[in-house]
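Q: Letter by letter, the chains look like this.
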Amino acid sequence: MSKHEYAFYPGCSSQKGASASNYLTSVEAMCKTLDVKLTEIPDWNCCGASIGYAEAGELPRHVLNARNFALSEQNLPGQEIVATCAACWLGARETRERLTHSDTLMADTREALKEAGLTINEMPEIRHMVEVLIEDLGFEEMAKHVVRPLEGVKIAGYVGCQTNRPFGVAGESFENPVYLDKMVEMVGAEPIPEYEQKVTCCGGALAFSEPEKAQAQIKDIVESAYDHGAEMIVTPCPLCQANVEIYQGQINKRYGTKFDIPVMYYSQLMVVAYGGDAKAAALNGQVIKARRLEEIAAKPVKR
Amino acid sequence: MSANTAVAAKYRNNFLKEIEEQVEMGDWVKMCMQCGVCSGSCPTNFQGAWEHPPQELFMMIRAGKREEVLTTSSMWNCTSCYNCIVRCPRKLPITHIMHGIAEYAHRLGMAPKLQPTRFFSGLFWKNCTHTGRVNELKLSMGLYFKDGFVQGIKNGMAMQAVALGLVKAKRLNVMELFGGHKCKDQKGIQAMLKKAYEIERSRKTARIAG
Chain A
1 MSKHEYAFYP GCSSQKGASA SNYLTSVEAM CKTLDVKLTE IPDWNCCGAS IGYAEAGELP
61 RHVLNARNFA LSEQNLPGQE IVATCAACWL GARETRERLT HSDTLMADTR EALKEAGLTI
121 NEMPEIRHMV EVLIEDLGFE EMAKHVVRPL EGVKIAGYVG CQTNRPFGVA GESFENPVYL
181 DKMVEMVGAE PIPEYEQKVT CCGGALAFSE PEKAQAQIKD IVESAYDHGA EMIVTPCPLC
241 QANVEIYQGQ INKRYGTKFD IPVMYYSQLM VVAYGGDAKA AALNGQVIKA RRLEEIAAKP
301 VKR
Chain B
304 MSANTAVAAK YRNNFLKEIE EQVEMGDWVK MCMQCGVCSG SCPTNFQGAW EHPPQELFMM
364 IRAGKREEVL TTSSMWNCTS CYNCIVRCPR KLPITHIMHG IAEYAHRLGM APKLQPTRFF
424 SGLFWKNCTH TGRVNELKLS MGLYFKDGFV QGIKNGMAMQ AVALGLVKAK RLNVMELFGG
484 HKCKDQKGIQ AMLKKAYEIE RSRKTARIAG
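The listed protein sequences derive, respectively, from chains A and B.
So the first sequence is numbered by our numbering: it starts at 1 and just counts up by one.
So the second sequence is numbered by our numbering: it starts at 304 and just counts up by one.
Since the hints were derived computationally from the structure, they do not count as laboratory data.
For clarity, every value in this text was computed on a predicted model and none was experimentally measured.
Where is the CB? At the ideal position from N, CA and C, for every residue including glycine.
There's no promise every hint is true.
Within a straight-line C-alpha distance of at most 25 Å, the following computed SDA-like cross-link-like pairs (lysine to any residue) qualify [unchecked claim]:
id, chain 1, residue 1, chain 2, residue 2
1, B, Lys416, B, Gly367
2, A, Lys154, A, Asp227
3, B, Lys333, B, Lys473
4, B, Lys473, A, Glu28
5, B, Lys497, B, Ala309
6, B, Lys429, A, Glu55
7, A, Lys114, B, His433
8, B, Lys333, B, Ile388
9, B, Lys457, A, Tyr255
10, B, Lys333, A, Ser102
11, B, Lys333, B, Arg506
12, B, Lys485, A, Ile120
13, B, Lys429, B, Gly482
14, A, Lys289, B, Ala461
15, B, Lys394, A, Asp103
16, B, Lys485, A, Glu40
17, B, Lys457, B, Lys485
18, A, Lys154, A, Asp277
19, B, Lys497, A, Gln74
20, B, Lys429, A, Gln15
21, A, Lys289, B, Gln463
22, B, Lys497, A, Asp43
23, B, Lys333, B, Ala312
Each pair of labels, with its calculated beta carbon distance range [what the hints assert, rightly or not]:
id, chain 1, residue 1, chain 2, residue 2, range
24, A, Lys289, B, Lys320, 54 to 60 Å
25, B, Gln493, A, Glu172, 36 to 42 Å
26, B, Tyr500, A, Lys258, 23 to 29 Å
27, B, Thr308, A, Lys182, 56 to 62 Å
28, A, Lys182, B, Ile456, 44 to 50 Å
29, A, Pro193, B, Lys497, 48 to 54 Å
30, B, Lys368, A, Asp220, 30 to 36 Å
31, B, Gly482, A, Asp220, 36 to 42 Å
32, A, Met123, B, Arg393, 23 to 29 Å
33, A, Lys182, B, Lys490, 42 to 48 Å
34, A, Glu97, B, Glu371, 30 to 36 Å
35, A, Lys16, B, Arg315, 32 to 38 Å
36, B, Lys368, A, Met123, 35 to 41 Å
37, B, Met460, A, Lys299, 38 to 44 Å
Calculated Cβ distances over 10 Å to all of chain A for the following chain B residues [claimed, not checked]:
id, residue
38, Ala306
39, Thr308
40, Ala309
Build the full structure now, drawing on both the sequences and the hints.
A: Okay, here's the thing in structure tokens:
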């Protein structure tokens, strides 16, 4: 039996053929090495994300998240819910806070859930995968499994917004969180603590609806990484990853830049450092190929 | 009587009260002390996108500028980055208030019709609640084709390189157009959401009547 077991809330973007499917693949390989057992919440639904606000309203949004809590309680009693997506984590955690603080909202939520034959008796803890790594396992435990350090690779730790604000990781500051840099160091790579765009917004959903506004922000994020000599960017958020990676071509056209920098998930770095191959780290899921990581992943492992 | 004229009549000359009773987190508005940290922390306001940045909206609400507040495109520029929330010295949940005012303006039919993020926001919610999970392909297509077929093809062409890159990386599946990921208990989800809307509506109507 695994020492660390959680109810897993993968979220829409990590499904097969969706925009963050490479995230899930690498998380699975990472968890295998770390002996973390994730059991998917059966029939989980979308969190509604922040951007659904025009139609979501307050109660429907919380009911949507509460359905996942109820399913988790019913099928995986006593387990904490772990999300890999920043928006899923934020949405679920916000619902948890609101329902905990308002008896009316809780009663209304229970009444609505009844329509789906569900109920909540206990409010679950909602964790992000990086919280599990940092708090439940710790850097020392994570570092133990490194058999192929990413020596000499300079990586800009781009934390972004929603894993950082408004909740964030305990003990970290909103303006300058350092856990991602520490994770970069942990896999044997070189962090860039002075990377000043680490908590800049990627534009979120505006990357779809108003690309010129989002791309102005993405440009700053990428440009600063280059200015600091980064070879790649790493992030804990699926939307940050997609936005910062896939629009680089359009930004080049718009601004005359020559951006071509890979944007990775922390889990991909860890899988390669843990001795996993390119497939386990889902390196084929990059739109901008991470050649340096591919080379490292092809090397034999130091045991 | 339209929804708008009904609430306007009830809250005549007291727009602050209207926001407090009808908008999510609206009762926080009076706590703003006009320091402007929210506006200085907002990434899209930094680009000059907001006609009225948050602290200005708060003052306008207190000044009874109902029409101006509800018809502005300002709060639709929110990227949900939560910078304003963590920096506000009085801890106003500004992001949620912005979403709340936007939702209220949308509900009353006063939000600017052509605002692209307003459109996308509604599209996203419909998309994710339809089957319980987001269909990313239909979501993108829905956005590209919002201004008609010809513009849709043009938008699609402009996004061709981005889409192809994702398809090659197996992060966009064209088969999603014919189904895609979904929840099993869609009926339950629809029923529970319907109930949630009913409860929320009745609570808000009760406040107008009260």
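Q: If a hint holds in the structure, say so; if it doesn't, say that too.
A: Results of checking the hints against the structure:
1. Lys416/B x Gly367/B: Answer holds: Lys416/B to Gly367/B is near 23 Å, not above 25 Å.
2. Lys154/A x Asp227/A: This hinted pair holds, its Cα atoms lying about 12 Å apart.
3. Lys333/B x Lys473/B: Status violated; Cα separation ~49 Å.
4. Lys473/B x Glu28/A: holds, 17 Å
5. Lys497/B x Ala309/B: The given pair, whose Cα atoms are some 23 Å apart, holds under the 25 Å limit.
6. Lys429/B x Glu55/A: Distance of about 8 Å is within 25 Å: holds.
7. Lys114/A x His433/B: holds, 19 Å
8. Lys333/B x Ile388/B: holds, 16 Å
9. Lys457/B x Tyr255/A: holds, 21 Å
10. Lys333/B x Ser102/A: Within the cut-off at roughly 21 Å; holds.
11. Lys333/B x Arg506/B: holds, 22 Å
12. Lys485/B x Ile120/A: holds, 23 Å
13. Lys429/B x Gly482/B: holds, 15 Å
14. Lys289/A x Ala461/B: Measuring from Cα to Cα gives roughly 22 Å; hence the hint holds.
15. Lys394/B x Asp103/A: With Cα atoms ~22 Å apart, Lys394/B and Asp103/A stay inside 25 Å; holds.
16. Lys485/B x Glu40/A: holds, 15 Å
17. Lys457/B x Lys485/B: Distance of about 29 Å is beyond 25 Å: violated.
18. Lys154/A x Asp277/A: Roughly 20 Å between the alpha carbons, so the hint for Lys154/A and Asp277/A holds.
19. Lys497/B x Gln74/A: holds, 23 Å
20. Lys429/B x Gln15/A: holds, 19 Å
21. Lys289/A x Gln463/B: Satisfied, since the Cα-Cα distance of roughly 18 Å is no more than 25 Å.
22. Lys497/B x Asp43/A: Within the cut-off at roughly 19 Å; holds.
23. Lys333/B x Ala312/B: With a Cα-Cα distance of about 22 Å, the restraint between Lys333/B and Ala312/B holds, given a limit of 25 Å.
24. Lys289/A x Lys320/B: 54 to 60 Å: holds, 57 Å
25. Gln493/B x Glu172/A: 36 to 42 Å: Holds, at about 39 Å.
26. Tyr500/B x Lys258/A: 23 to 29 Å: violated, 49 Å
27. Thr308/B x Lys182/A: 56 to 62 Å: holds, 57 Å
28. Lys182/A x Ile456/B: 44 to 50 Å: About 48 Å separates the Cβ atoms of Lys182/A and Ile456/B, which means 44 to 50 Å holds.
29. Pro193/A x Lys497/B: 48 to 54 Å: holds, 50 Å
30. Lys368/B x Asp220/A: 30 to 36 Å: Given about 33 Å between the Cβ atoms, the range holds.
31. Gly482/B x Asp220/A: 36 to 42 Å: holds, 39 Å
32. Met123/A x Arg393/B: 23 to 29 Å: Because 27 Å falls inside the window, the suggested range holds.
33. Lys182/A x Lys490/B: 42 to 48 Å: holds, 46 Å
34. Glu97/A x Glu371/B: 30 to 36 Å: Holds, since Glu97/A and Glu371/B (Cβ atoms, about 32 Å apart) stay within the stated range.
35. Lys16/A x Arg315/B: 32 to 38 Å: Roughly 55 Å apart at Cβ, these two residues miss the hinted range, so it is violated.
36. Lys368/B x Met123/A: 35 to 41 Å: Distance hint for Lys368/B, Met123/A holds at roughly 40 Å.
37. Met460/B x Lys299/A: 38 to 44 Å: At 41 Å between Cβs, range holds.
38. Ala306: holds, 14 Å
39. Thr308: Its Cβ never comes within 10 Å of chain A, the nearest being 21 Å, so this holds.
40. Ala309: holds, 18 Å
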